[in-house]
Amino acid sequence: MSIKSIDPRITRENLSDVADQNPIKELNHWQTYEVFHQTKKGDHHIHVGSLHAPNAEMALILAKEQYARRYECVNIWVVKSSNVFTSDYDDEDIFETTPEKMYREAGGYKVMEKINKYKKERKGV
Amino acid sequence: MYGGGYIFEESKNGKSEAEDSEKLERFESKIAAGEKIEPSDWMPAEYRKQLIRMIEQHAHSEIIGALPEGTWITRAPGFRRKLALMAKVQDEVGHAQLLYSAAETLGKPREDMINDLITGKSKYSNVFNYPAVTWADTAIIAWLIDAGAIINQVANSKGSYGPYCRALERICVEESFHLKYGHDNVVFLATGTPKQRDMVQEALIRWWPPIMHFFGPSDKISVHTETLMRWKVKMASNDDMRQKFLDMYVPKIWELGLTIPDPLLKKNETTGQWEYTEPDWNEFKKVINGDGPCNKERLAVRRNAEEKGEWVRRALMRKDERYTVPFA
Amino acid sequence: MNGINDFTEIQTEAAKNLLYRLADDQLILGHRNSECTGLGPILEEDIAFSSMAQDKLGHSQALYQLLHNMGEKDPDTIAFTRKVNEYKCCHLVEYPIGEYDFSLMRHFLFDMSEAIRFNMLSSSSFEPLAKIARKFKGELKYHTMHAVTWINQLGTGSGESPFRIQKSLDVCFPLALGIFEPSKYEETLISEKIFFGEKALQEKWLEAVIPVLKNAGLVIPDIENVTAAYGGREGIHTEYLKPLIDEMTEVYKIDTGAEW
Ligand SMILES: [Fe+2]
Ligand SMILES: [Fe+2]
Numbered sequence: 001m002s003i004k005s006i007d008p009r010i011t012r013e014n015l016s017d018v019a020d021q022n023p024i025k026e027l028n029h030w031q032t033y034e035v036f037h038q039t040k041k042g043d044h045h046i047h048v049g050s051l052h053a054p055n056a057e058m059a060l061i062l063a064k065e066q067y068a069r070r071y072e073c074v075n076i077w078v079v080k081s082s083n084v085f086t087s088d089y090d091d092e093d094i095f096e097t098t099p100e101k102m103y104r105e106a107g108g109y110k111v112m113e114k115i116n117k118y119k120k121e122r123k124g125v
Numbered sequence: 001m002y003g004g005g006y007i008f009e010e011s012k013n014g015k016s017e018a019e020d021s022e023k024l025e026r027f028e029s030k031i032a033a034g035e036k037i038e039p040s041d042w043m044p045a046e047y048r049k050q051l052i053r054m055i056e057q058h059a060h061s062e063i064i065g066a067l068p069e070g071t072w073i074t075r076a077p078g079f080r081r082k083l084a085l086m087a088k089v090q091d092e093v094g095h096a097q098l099l100y101s102a103a104e105t106l107g108k109p110r111e112d113m114i115n116d117l118i119t120g121k122s123k124y125s126n127v128f129n130y131p132a133v134t135w136a137d138t139a140i141i142a143w144l145i146d147a148g149a150i151i152n153q154v155a156n157s158k159g160s161y162g163p164y165c166r167a168l169e170r171i172c173v174e175e176s177f178h179l180k181y182g183h184d185n186v187v188f189l190a191t192g193t194p195k196q197r198d199m200v201q202e203a204l205i206r207w208w209p210p211i212m213h214f215f216g217p218s219d220k221i222s223v224h225t226e227t228l229m230r231w232k233v234k235m236a237s238n239d240d241m242r243q244k245f246l247d248m249y250v251p252k253i254w255e256l257g258l259t260i261p262d263p264l265l266k267k268n269e270t271t272g273q274w275e276y277t278e279p280d281w282n283e284f285k286k287v288i289n290g291d292g293p294c295n296k297e298r299l300a301v302r303r304n305a306e307e308k309g310e311w312v313r314r315a316l317m318r319k320d321e322r323y324t325v326p327f328a
Numbered sequence: 001m002n003g004i005n006d007f008t009e010i011q012t013e014a015a016k017n018l019l020y021r022l023a024d025d026q027l028i029l030g031h032r033n034s035e036c037t038g039l040g041p042i043l044e045e046d047i048a049f050s051s052m053a054q055d056k057l058g059h060s061q062a063l064y065q066l067l068h069n070m071g072e073k074d075p076d077t078i079a080f081t082r083k084v085n086e087y088k089c090c091h092l093v094e095y096p097i098g099e100y101d102f103s104l105m106r107h108f109l110f111d112m113s114e115a116i117r118f119n120m121l122s123s124s125s126f127e128p129l130a131k132i133a134r135k136f137k138g139e140l141k142y143h144t145m146h147a148v149t150w151i152n153q154l155g156t157g158s159g160e161s162p163f164r165i166q167k168s169l170d171v172c173f174p175l176a177l178g179i180f181e182p183s184k185y186e187e188t189l190i191s192e193k194i195f196f197g198e199k200a201l202q203e204k205w206l207e208a209v210i211p212v213l214k215n216a217g218l219v220i221p222d223i224e225n226v227t228a229a230y231g232g233r234e235g236i237h238t239e240y241l242k243p244l245i246d247e248m249t250e251v252y253k254i255d256t257g258a259e260w
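Residue numbers (the numbering used here), protein chains in the order written: chain A, 1 to 125; chain B, 1 to 328; chain C, 1 to 260.
Just so you know, these hints were derived from the structure itself, not from any lab.
One or more of the hints may lead you astray.
Claimed, not checked - Distance condition first, Cα-Cα at most 30 Å in a straight line; then the derived DSSO-like pairs of lysine-lysine: (1) A:80 - B:36; (2) A:40 - B:158; (3) C:214 - C:16; (4) C:199 - C:131; (5) B:123 - A:25.
Isolated chain A (complex conformation):
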C-alpha cells in the first residue's frame, strides 16, 4: 500500500506505508565551503556561513540563494573550509598586548606644550 497524504505532492510519490528502519547507505558527503558576502562595493567581505557543494562553481551558484536571496549583496566569495587556516583559541592570549605602547599611538605624540614654551621664549627675545 502507498501513503495517501493530504498533500497531493506526497500522494503522487507513491511511498510505501511500511516504514523502512534502515539508514541510507553511502549517504555521500560533498565538500564544505565557507561563504563570504559583500553588502556593497567598498565594504569588506564578511563571513556569513557555510554550505555543502561538490565544487567551487556550484558553491557560488548555491551560496547566492542561501546567503544572498534576502540580503543586499554585490559579491560572494566561497572558500573550501579545508583551505582556511586559523589561529588557535588556546592562543587567544597572543592578542593581549601591554597597554604601554604609546609610541605607536597618535595620542602618544603631544608637542603643543613644547611649541608654546618655545613661542613664549622667542617673544622674550
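Fit chains B and C with the ligands to the known structure of chain A by using the hints.
Below, chains B and C with the ligands without anything else, positioned relative to chain A:
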C-alpha cells in the same frame, strides 16, 4: 522552528567523564562571563553531546516543519499567498541548512544527522507530526507555531555556543516575516466570509493541544536541566516560555473573536500567570515516540527526498576529496 | 514606442495573445517547480530551485497585471478561474515534475528561451512590456547560470547521471520546440516590432543551447526528425494540465467571493 520540547539526555551534572577540572572551571567561568564558546574551544564532552543533540533536533524540526505547510503549497489561493507560502517554506529549508551547518561544527556530519532522523534515532518537534488538514491550518501554523518558535529561538540566540547563536540571529530575522505572514493570513480568514471563519476556528481547535505541547513538559516533570542552563545550552524553562507565549498571543487570538478550546484558560491577575488545563503529556510522549498521526509519513517523505537525491550527489562527488567540518 | 492606448484593435489582440502565452508558461512552470520546495535533492539546491519557481510566478503575475491594465481581469482571477482550454501555455511546462533530471532539463531548455525572449522584448516597441522585460533581466541571468552549471556538471558527472540527463533531453526536446509554436499574430507582432517572432527566437535558442548540451557531452536530437509538441498556444493541452489547474484552484474556489 522549534519549541522547548528538546529531548535532552539525562544530564550527569557535567561529571559524566573525568573532565579536566581546571579546564572545566575555565570553561564555566567563560560562560558565566557571557563569553561565547567557539568550535575549536575546549568543551566538556557532555556539552558537545547535548548541543549536537539540541541543534540537530532543531534542524530536523525545520526540515520536517517544511512539510505540514508544504501540504498546501500547490493549492495556496492567489498569487500573494502562493508566493508567500513558498518563500516561507523555503526559509524553513534554509533554517535547516544553517542549523545542520552549526551542528556540523561540533563534529557530526549532516548526512549522519539525516540518517539518524530517518531511522527515528533522533527527534524533532512534536507539532509537525500533526496534519495540516485545511488551508487554514497553514495560517495557524505560520502564526502561532512560528510565534512559539520565535520565543524559543530568541532565548537560544543568547546561549553560549557561537555558531548556533549566529545561525539563530539570521533565522530570527526571517521568522518575523513568518509571524507577520501567518497573522495576516489568520486575520483575513477570521474577518472573512463565514466559510473562511469556520475554517480558521476549526484549525485553531485542532492545533491548540499541539501548541500547548510545543514548549515541552512542565519543568516539574521534565529531565533535570540545571547544568544545561548553567552552560547556557538551555536558555529558558519550558513553563516560562509557555507563559510568555500565552501572554503575548492569547489576547491577539481573542481579539479576533476566536475560541480557544480550553475552558480553564485565563490569566490570574494576582499572580500574573496564565492558568490552563494541563496538556496531555501522555499523548505528547506517545507522539514523540513515533505514534502520532503523521510520524510515519514525515519520515518516509524525508527518506524519499534523500534517496531520490542520491544520484545527484553521487554524480558530482570527487573521490579524491574528503569531507571537512565547517570551521565556524 | 507604443503605450497601451496607441494600439489598433488587431495590435491589441496580438499583444494580449503574446502576453497570455508568456504569462501562462511562467505560471504553470512556476507552479510545477514549486512542488519541489521542501522535497529537493539537497537542501542548498532545494532553496535555489524554489527561488527560481518564485521568480517565475512573480513574472507571470507582472505579465497578468499588464493584461489587467489593458482591460483584462485582475491577475488572480485570470490565473485561478479560467477554464483549461483558455490557458495558452506550451506542453513542456505541463508535464509532472518527474525525477530531478527531468525538472532540471526542462528548467534549462525553458529558461534559456526565456532569457533570450525577454532580452529581445526589452527593445519591444510596446514600452510597458519592454519595461517588464528589462526588470526580469537579472533574475533570468541567474536562472540560466544555474541551469547551465547543472546541465554541464551532471552531463559529465559520474554514475547514471549522464544517461539520465540524455534521456531527459530526448524527452524534453520535442516538448521544448513547442515553446516556439507560432500564433496567428506572428506577422502583426513582427511588423509592429512588438516581438521578433517565435521563429527568430527558436533559431537563437538553438544557437544558445546546442553548445551547452554538446559541452555536457550530450547527443543533440536530430531536429529534422523531431515533431514539435504544438497545440498549447491554441488551448489544446496534455492530460496533465487539468488536474494541475484543479489542484491549484482548490482553495481559491472554496469561496470565490472571498478575499484570501
Ligand atoms: Fe524556521
Ligand atoms: Fe518559521
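Hint check:
Our distance criterion of 30 Å between C-alpha atoms is met by residue 80 of chain A and residue 36 of chain B, whose separation comes to about 25 Å. Pair hint residue 40 of chain A plus residue 158 of chain B holds up; C-alpha atoms about 29 Å apart against a cutoff of 30 Å. The straight-line distance between the Cα atoms of residue 214 of chain C and residue 16 of chain C is roughly 37 Å, outside the 30 Å bound, and the hint therefore fails. Restraint check: the Cα-Cα separation between residue 199 of chain C and residue 131 of chain C comes to about 23 Å, which is no more than 30 Å; the hinted pair holds.
Proximity of residue 123 of chain B to residue 25 of chain A is assessed by CA-CA distance (about 20 Å); at most 30 Å being required, the pair is judged to hold.
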